[in-house]
Each structure stands twice: as structure tokens, then as C-alpha cells.
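Protein chains in written order, with this note's numbering: chain A, 8 to 163; chain B, 6 to 723.
Only true hints are included.
Cut-off 25 Å, straight-line C-alpha distance, at most; resulting in silico cross-link-like pairs (DSS-like, lysine-lysine): (1) Lys671(B) with Lys101(A); (2) Lys380(B) with Lys107(B); (3) Lys101(A) with Lys98(B); (4) Lys671(B) with Lys607(B); (5) Lys390(B) with Lys107(B); (6) Lys708(B) with Lys605(B); (7) Lys101(A) with Lys200(B); (8) Lys573(B) with Lys555(B); (9) Lys539(B) with Lys453(B); (10) Lys159(A) with Lys671(B); (11) Lys13(A) with Lys88(A); (12) Lys93(A) with Lys15(A).
Covered, in the sense of this in silico footprint (three residues per stretch, anywhere, with C-beta under 8 Å from a C-beta of chain A), are these stretches of chain B: (13) 218 to 229; (14) 273 to 279.
Here are some chain A residues pointing at chain B (derived, C-beta under 10 Å): (15) Ala34; (16) Gly40; (17) Thr42; (18) Thr44; (19) Lys45; (20) Ala55; (21) Ile72; (22) Thr82; (23) Gly87; (24) Asp97; (25) Gly139; (26) Gly145.
Hints in this document: simulated from the structure, not taken from any laboratory. The model shown is predicted, which means the values in this text are computed figures rather than measured ones. Note that beta-carbon positions come from the ideal geometry of N, C-alpha and C, so glycine has one too.
Chain by chain, the residues run as shown.
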Amino acid sequence: MGNAVKLKVNGEIHDVDAEPDTPLLWALRDLVGLTGTKFGCGVALCGACTVHVDGLPRRSCVTPISAVGEAEVLTIEGVGKTPVGKAVQDAWLKVEVVQCGYCQAGQIMQATALLTADPAPDDAAIDRAMTGNICRCGTYPRIRAAIHAAAKQRVA
Amino acid sequence: MKAPTNAAMTTDRRRFLAVCLAGTGGLTLGFPLLAPRTAMAAEATFRPNAFLAIGGDGTITATVPYAEMGQGAMTSIAMLAAEELAVAPAAIKTVLAPGDNKLYAHPVLGEQITGGSASLAGSWMPIRKAAAAARIMLVEAAARRWGVGAATCTVADGRVHHAASKRSLAYSELAQAAASVPVPADPPVKTGGFKVIGTAAPRVDSAAKVDGSAVFGLDVRRPGMVYAAVQASPVIGGKLGAVDDKPALAVAGVTQVVRLANAVAVVGRHTGAARKGLAMLEPHWDGGLTDLSTEALVKQADAALDRKGVTAATKGDVAKAFAGAASTFEADYRMPMLAHAAMEPLNCTVEVRDGACEIWVGSQVPGRARIDVAKALGLDEDRVKVNSYLIGGGFGRRLQSEWIVQAALIARQVKAPVKVVWSREEDTRQDAYRYHNHSRVRVALDAKGNPLAFDHRIVAPAIMLWFLPSLLWKDGVDVDATNAATGPYAFPNLMVDYVRNDPPDGLLVGNWRGVGETRNGFVVETVMDQLAAKAGVDPVEYRRRLLPPKSRIAVLLDRLAQETGWGKPLPAGTTRGVAIQSGFGSHMGLVAQVRMDGGKLKVERMTAVIDCGIAVNPNVVRQQIEGGLLFGLTAALYSNITIADGRVVESNFHDQPVVRMVNTPKIDVIIIENGNDPGGVGEPGTAIVAPAIANAVFAATGKPLHQLPLPASMVERV
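Next up, chain A with everything else stripped away, as it sits in the complex:
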């Protein structure tokens, strides 16, 4: 082995023993032990694995750890410590978005990135940002409502 790579996740440095081409998803889940980030498709078609890398949403299933370098990785386990992330999580609870919940980590990370970049998105902007994230339970109308609620709370 001896491929120790340093990953900065949610503010902490982790030594990860994996090849540089290892997808960030599996490094996070299997080696760092943060299992909140989910596997859905493996090819960036569903968004379940979305995390932030230096504040931008990334599909961790196709992001090799070599591409992360010293960048800051933020996952669902850490997003609640940011004001926007907290507002999004609160809105998710208030609107009762969740059914099976499997895709919601990715949805929340994507929505947090959206609201960080655009504090008051309209429906079209929400569609653009969120359409890469699949939910098979059909929570889309509530996700939309929760994003509006979080935006409103942030503005208020």
C-alpha cells in the first residue's frame, strides 16, 4: 500500500490509504467512514453522491481523490455547520420532504450550493440546479418548496 493521501473533510484531515484514481465517494464512505454520502449510479447521472469541493457541488462518484488535492471537502455530515446548510436542513424538516431519504444527502448538498450562489432562486433556477438529482420517491415538489422556504428564511 503506502498510498496515503491527505483529505480534508468537514474541517478535519484524514489519511486515506487508496490509489489516486479512487473515487472520492468510496474514500469517504469506506475509508474515512462517513457514510452519509450515497452511491446511486456511479457515472454522475443521479446526484446521490453530491458533496462540495471548495464550495462547489461535485459528484463524488466520478471525482478521483487525486483531483481533490488540498481542497476542502464538505459532506452531509458537515453541511449543517454552515448557515445555508443549516437553513436547508431545517427547511427539509419543516416541509417534510423525506420519504426513503436515500437521495436526500445529495439533494441537500446540491440545494445548499444553489442557495449559496443564488440566495433567492426562482422555479426555473431551481429546476436548472436540481434536475441532475434523481429522487425515485417523488419528493421533487417538496424539495422545490423547501428550497423556497430556506431562501425565505435566509432573507428574513
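Knowing the structure of chain A, use the given hints to seat chain B on it.
Just chain B, lined up with the frame of chain A:
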């Protein structure tokens, strides 16, 4: 079957509620979800199968006998128990029951099965009775301690109160004493004045699902565990031939290549290494159905339409009605193979060690999985333990357990706990598909276009013959396949016949959200609109005439028409379609509003009315209907699993598209409130979508649609 003796019945009644001290020094009690059946009444040991425990530390724990896959089972069960215990639902800790077909059998389904939208119906009485018994015993324990009459005590906020003396004791302080109180034989449950039931109490599983701490099967971690990626034969029914494992073993982090009869797995220190290793292999696959194609299967099902089947339902004299008909209607219907495409790909963690097997998995049939794995590994059932975890979408796929057996067979060759994770491609290509279902409908009509006879021939596989024969296979008929085959209508003469058409050996088929109602609802409800058009009658009015007056479905249809302003002008360029259905113990109606623009379909709005009796949690009901509608919309618009050269063609979300946020229509859900016992809500939404949309398209184009998915030319992918 031998009738039970009186002695056995007495014993059974006495054992109806079993009480014992919990490990924490508290009260544990269980009520059978299953009313004593003759076969079980004679068993020496009573096995209760729902549990409530009140620990000395005050923790109230309810064991959920069902899978939680988003449908809200944990929340509903917490609410039912909370109602009788006079606490907030959030005060009740819910744990998922391990696999045990005896302890946790569903009262109707007879096994530990989460399916048929039947979870709530199955727990409605037993869970409340268990909690009511606990309350009565806690009150009795307090009354004894205080030397007062139990009738003078009340419960609130997790405490027993004696108002006259201003004393109160917490349940935790009473749990141990309550365990020695005689068990009430048949504790009465509240029949009204509900404080919890009927409220939109927050889901008990939401917080953990929002902060990433919820543990799905995929998230299980065991000390020293390794990870496996697997590929089964892409050729249906094929076996693993030669495979050179060196390229996989050369991948850093890969530790082992495991061969099964029909699959190869690569084991590694993490899933990334295992997946990379698997991708390096070039396995040969032997045999299998290399000539199999969708065209051949469709042709086979079409041919079956010409065969006389087994009579599933009959009323009156259909032949006579046709002989005297003023006109007739006939149409053939075709429905495709479907995958489940849940967000969480199948995965299972297994450790096989010292002649025992422990499994960590989310399953809709954990009790059955336990039996199947025991059989496959040659172990006694009590040497296999199945621990239950949250499921990231079931939709019927996890009613099968062959993938759990596969994981166990891999684990048997690995000297550590191993988590087997299927790729999305594997999940798509090795599904237990909904199979081809074809229908032929013939209707005899009078001079005014009213139906005299409805004749529905259904070509479908015998799923229930192996899935649940005791309940749903009767005299050569698959009861699910023929369910709702004539809709909720009062036809004077009718005939339903079932032509069994099984898939070839090696092609796994199974249950899919909405089951029989989904297939037959599309057929019956689109036929209704064609008949209405032929008669020159409004589709709602045409249906109304055929419904039993004042029945729940008739009331629902009127409400649906009223809520949607049926008959009033629509925005230019739009049309709408209606569908209604009775199923899963509930009644449902939908109006879909669509826009046909240059031959392209846009579903703009769906307005649903649901009568599910008492809506235990109206929010969960709404969620299930919203989600069911969108699940059905995906199927109506896109879903079609095809086979070429013996292989499933589709593989991932690029060639198996699903509805996304951008093409989600506006959805409204209206709940009809009444006091009937709760019906199912997980599947009605899915079942009703396709016919409502097809009818809206029919209204726009005048061309009926007899096939799903809807024509590709009509549907834009996003």
C-alpha cells in the same frame, strides 16, 4: 386441518399477551399481529410478533415488524403506540425487527412481508392493543402503589396521575411493577377522540435522513469488513465460464476474486478497488438464453391472448349479452417489462463464520431471506440472523431474496464480513422485473352505448404461485394478476379469464409497485373513456352511471369532479383525463391535465383524491400519493426494459430515464376524511397515473392508447 381443542384455545388465549421482564428491568409485551389460526393454536409456545418495551430508563421502544423504505412505517407505528400511551410519537423509539417469519408475520400476508400497501392495515389493531395493554398495566401498578382505584388514575405525558392526591409517577418508575400485573385479556382501544392519530406528526425518521446519520443497508460497517463488487451473467440464465483473475488481483487494494456458478465477485479493501478490479476482468459466460429477445416475448404474450384461460371471475351470461348487443368494442393491450430502479442499489453485508451466518440488509422479506440463506448454506435457520436496516426505495424489488443468497454465497468464500454492492448497471440488468402483461377486452353494448357485458382476458405470469400461493393463487388463477380486472363498476355481465404466461427459466420476474391494479387500471380506465366517447357521454358521467350509488368510489368521483372543475373550460391547448380505482383497501381518483404541443406531451397538472379511511398521518398519506404518482409517471412516460440476444439492453439512468424535477407536474392531493379503517396508500398513486394521462391524450388526439410506455414520439426526455 384438525380443529383446535378447547384446551389449546384456552392456552392460546391466556398466552395472547406474553409478558416478561426486559433486560433493562422494565416491561416488554407483545401482541400477536395474527389472530390465532387453527394451525398455530395448537403450538405449545405462543410467539407474539409485535413488541413494545418500556425500560427502567423510561425509553419506550416499539419494534417495527415491517421494512421502512420511505412509506412511513416507523412513524405510523410510533403514532399508534403513542396514541394509547398518551405520549408524543417522538417519545417512542422505533427499531426495525430482525428477520423472523414466526415472530413478525403480517396478520393477513402470513409472513414477515412489507408489500401490498398493507403495513398500516396490519398494525392498526395489534399495535394499539399492545400499547393499550401496557397503559392499563402501568395504571394498575400505580394504583396499587398508591392504594387507590385504577379508575381514579389518568395518563398524560408519559406519567400516571392521581389528581385527587396530586401524585404522579413516570412510566419508567412503574415499568418493573407493571410487569407483574395481570395482562388484560382484550384491552379496549380508543375508538375516537384521537390526539395523535389523524395529525400530521413529524416523521420519526426525517432528522437522521437529513443530517446523514441514518443507516441504510449500504451504510453498515463491521469490524474488519471488506467490500465486494459483483457481476452475474449478462446473458439471462448463463453460467460463469473461464475467467483470468490476475488483472483484478493486480489492482491495488483488491484481495480476492470469488467465483459463483453464475457470477464473479471481486473483493477489496474498499468498494472503489473492488469495482476497478471487477472492471478489469473479462469473464466468459456459458450458455443461457442467447436467442431471447423482447420481440419474441411480446409475440408469445400476443399468442396467449388467443388462448382460453382459467375463469377468474364471472357474472351473468356474457355470451348471451354479446349475442344481443347493439354494438361491441374490442381492444388488445400491451404492457412492457419494468425495472424498479430504486435509488439504493442492491447491497448486502454478510459474515459467515463458525457454522453461522449474520446478515445486515434492508429487505421487504427478511424472514424469508433468513430461510433462503439457511437453505443455500446448509445451515439451520437458527444459525442465520438477519439484521434489518433502512431501505433506499423498495418498490417490490426487495420482495425477492436471491440477491441476499448471492451475497451469502460470496461471504462463505471470504474470511471477513463482506459488503456486496451491486453497480447501477447490475441493479438494472439483474432485476426481478415486472413481466410482460397483455390484455384483451371485449365489451357488449346496448343501443345507447351502455355496457351489457365486460370480458377481460389477462395474459400474465404466475407470480403468486411461488410468491404467496396460500393467499393469492386460487384454482389456477393468479389473484393479483386478475385483481381489479373490471374496475369498480357494476357490469350486469362480466368475465375475467387468466391465461398463464411465464417467462423462460432464468429470467427473474416479480412484484412492482402497484401490482395488478397498475396493469388492470390502465386497461379498464382507458377502455372506459373509449366507451364513453363511443356513446357520446362525458367520461365522468359515463363512469358515474356504472358505480354503486353512494359507494365510497362514487362519492370520490363526485368530489374529484368538483375539485377539478370537471366540465368547465380549460386553458387553451390543454386537455384532461380522469381515472378512478378501488384497491389496497383505499379508493382513488386522478385528473391529469396535459398539453399536446406539436405532437409532444407535457403533463402539466395532476389532481388526486384519496379515500384511505382514517388517514393516520395525513402528511405521510400525501407523501405516498405524490410519490406514487411520480413513480407511475416515470413508468408511463419512459419505462421499458428490453432484451436483445439474451441480454437486458438498458443499464443506467441514461437509457432508463426517470422523471426529474424539471418535468414534474403540479400535484394536488385531496384526502377524503371518514372513519373507515385505514387502507393502503403506497401503491394507489402509482396505479392510477397512466390511464389518466392516456385519457387526456385521447381527449386531445382522438386516438386511444393501448400500450405502455406512451409512444416515444410523444415523450421528450430530459
